[in-house]
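Undergrad: Please model the entire structure based on the sequences and the hints provided.
Going line by line, the protein sequences match chains L and P.
Residues in the first sequence are numbered consecutively from -3, following this note's numbering.
Residues in the second sequence are numbered consecutively from 78, following this note's numbering.
Source of the hints: derived by calculation from the structure; they are not laboratory data.
Possibly wrong hints are sitting among the right ones.
In silico lysine-lysine, DSBU-like type, Cα no more than 30 Å apart, as pairs [to be verified]: (1) K124(L) with K220(L); (2) K5(L) with K124(L); (3) K124(L) with K156(L); (4) K157(P) with K320(P); (5) K156(L) with K320(P); (6) K252(P) with K156(L).
Given the structure is predicted, the values throughout are model-derived calculations rather than measurements.
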Amino acid sequence: MTPQLAPEKRAICLENVGVTFEHRGNCVEAVRDLSMEVREGEFVCVLGPSGCGKSTILTAIAGIRPISSGSLTVNGTVISRPGADRGMVFQQHALLPWRTIQENIEFGLRMRGVAREQRVQIVGEIIKHIGLTGFEHHFPGQLSGGMQQRVELARVLVNKPSILLMDEPFGALDAQTRVQMQELLLSIWDKSRMTSVFVTHDVDEAILLGDRILVMSNRPASIKAEVIVSLQRPRCADTTVSSEFVKLKRQCMGLLRASTYQGGYFRGLRKEEPEGCS
Amino acid sequence: MATASKTFPVLPRLWPAGGKRHGPRFPVVRILLRSLSIVVFLALWQLASIHHLKWPIDFTNVPSPSQAALALLSLLHAPKIAKDAWFSIIRVLAGFGVAAAVGICLGLIIGVSHFAEDMILTPLEVLRPIPAVAWVPLATLMFASAESSMIYITFIGAFFPILLSTIHGVERVDKRLVTAALCLGAGQKAIFREVILPGALPSIINGLSIGMGTSWFSLVTAEMISGQFGIGYYTWESYNLQKYPEIVVGMVLIGLLGMGSSAIIRAVGQYMTPWAQIGGGHK
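TA: Right, here's the structure in full:
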């Protein structure tokens, strides 16, 4: 589906990847025969219905969940374990509750053995950037959901990962906060142009953020369609009311709707259990 | 919901407003209420023993609070009580200390390793329901000195709550935190130190607080073994000598010491886990 790229430009490369795992005694085939590539400096959104296995793709790239078949390389190396080079932003509640905001953000630096003064300096800058000055010594539990997600983002960015993986990072936020966070992410990304994979079920979010959208099928996940988003950057919340945006949105919604009807509710009734478990 | 705000909540403490519709409940009011409850309790007891209540409890030989108070006063004038308290405190602290060290270590190991769980937990589960008093004969055989046997009994009392709370605490640690830390470059040791240990800490502290109480719980049993000093021994001795008010004094002293030491542990625990005291946020 994606054009073959020159090897040096491929940041992430999945070839015929399948992921099968056990969940509460059941065998789940989450991803089947999935091939995709992400170019260096590209922002790719993975859009799909809830429970389609799109998060599994992300956890596989992060190295949290092993793949069952196919090959998965990041910057040319086979992935077998999690690493700080692939920063992962989780949906919510992944901050250490017993660490202050300062300590949470500097966690990765501390793991790498960066000296204290340097940590304080780096963290101070990023805290200013995400607008949380004055909250350095608060605990995550004292912050609102939106603020916690800013910290979550900062904690990953401070590691300067080569790849940014985001698993519905704004999914649990209210609509207004979500837009603010999207704009913050856009402003950060415009400066760094970091290779990013962003998983979401929100069509608007996918179009607003991505260079390219991969629309997923129902579980087991595979790529159903690819939508190129040629909206001009820098983008902001106003982009979402442009006619071009609406056109893309209509296209994505159509693709999503088709994938829901294909499998969706009726899959269970026909008792089509995913096969191929070993 | 209009109806909900008018009806009285069924469980006021679990109601979001915390039962605020009682009117304001200042700490002073609560302290007064709690003191009042003790006074009422003592008064009822006094009345029951003055009138020699026969049913459901036979108060004929049960000393009244005033008799117990007199016995306590005379005891406080005797120098022996300090020594009794001192011996008991040392025994409980020794048993509790060993139980804390062993219980937390084993609990952490069992919590993180399935192999350890299978190897260690099963025999412990068999030992767990055995009450401290059933250990007395064996404890005297197991240790050369009576002192060690007594400490062992208080250890048994404290060990299982600490062990089980630690295991529970480790199992309860949010897996997302482990995953997140791994993705930020943490290794196995760092995961244990930065995620597992602090994550289990509130539960461990809870176990320590309960274990401190149950350690005092088993004190009389321990000091039945032998001894010349100790509040448990004093209580048991008073029974043998038919000094009934003194039994009550011994019981009250154990209760107070147990409550006090548990409160100290809880206070230290709260100081050590400031994040767990935040209301509203997660955890």
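Undergrad: Kindly indicate which numbered hints from before are broken by the structure, ordering the numbers from low to high.
TA: Those not satisfied are hints 1, 2, 5.
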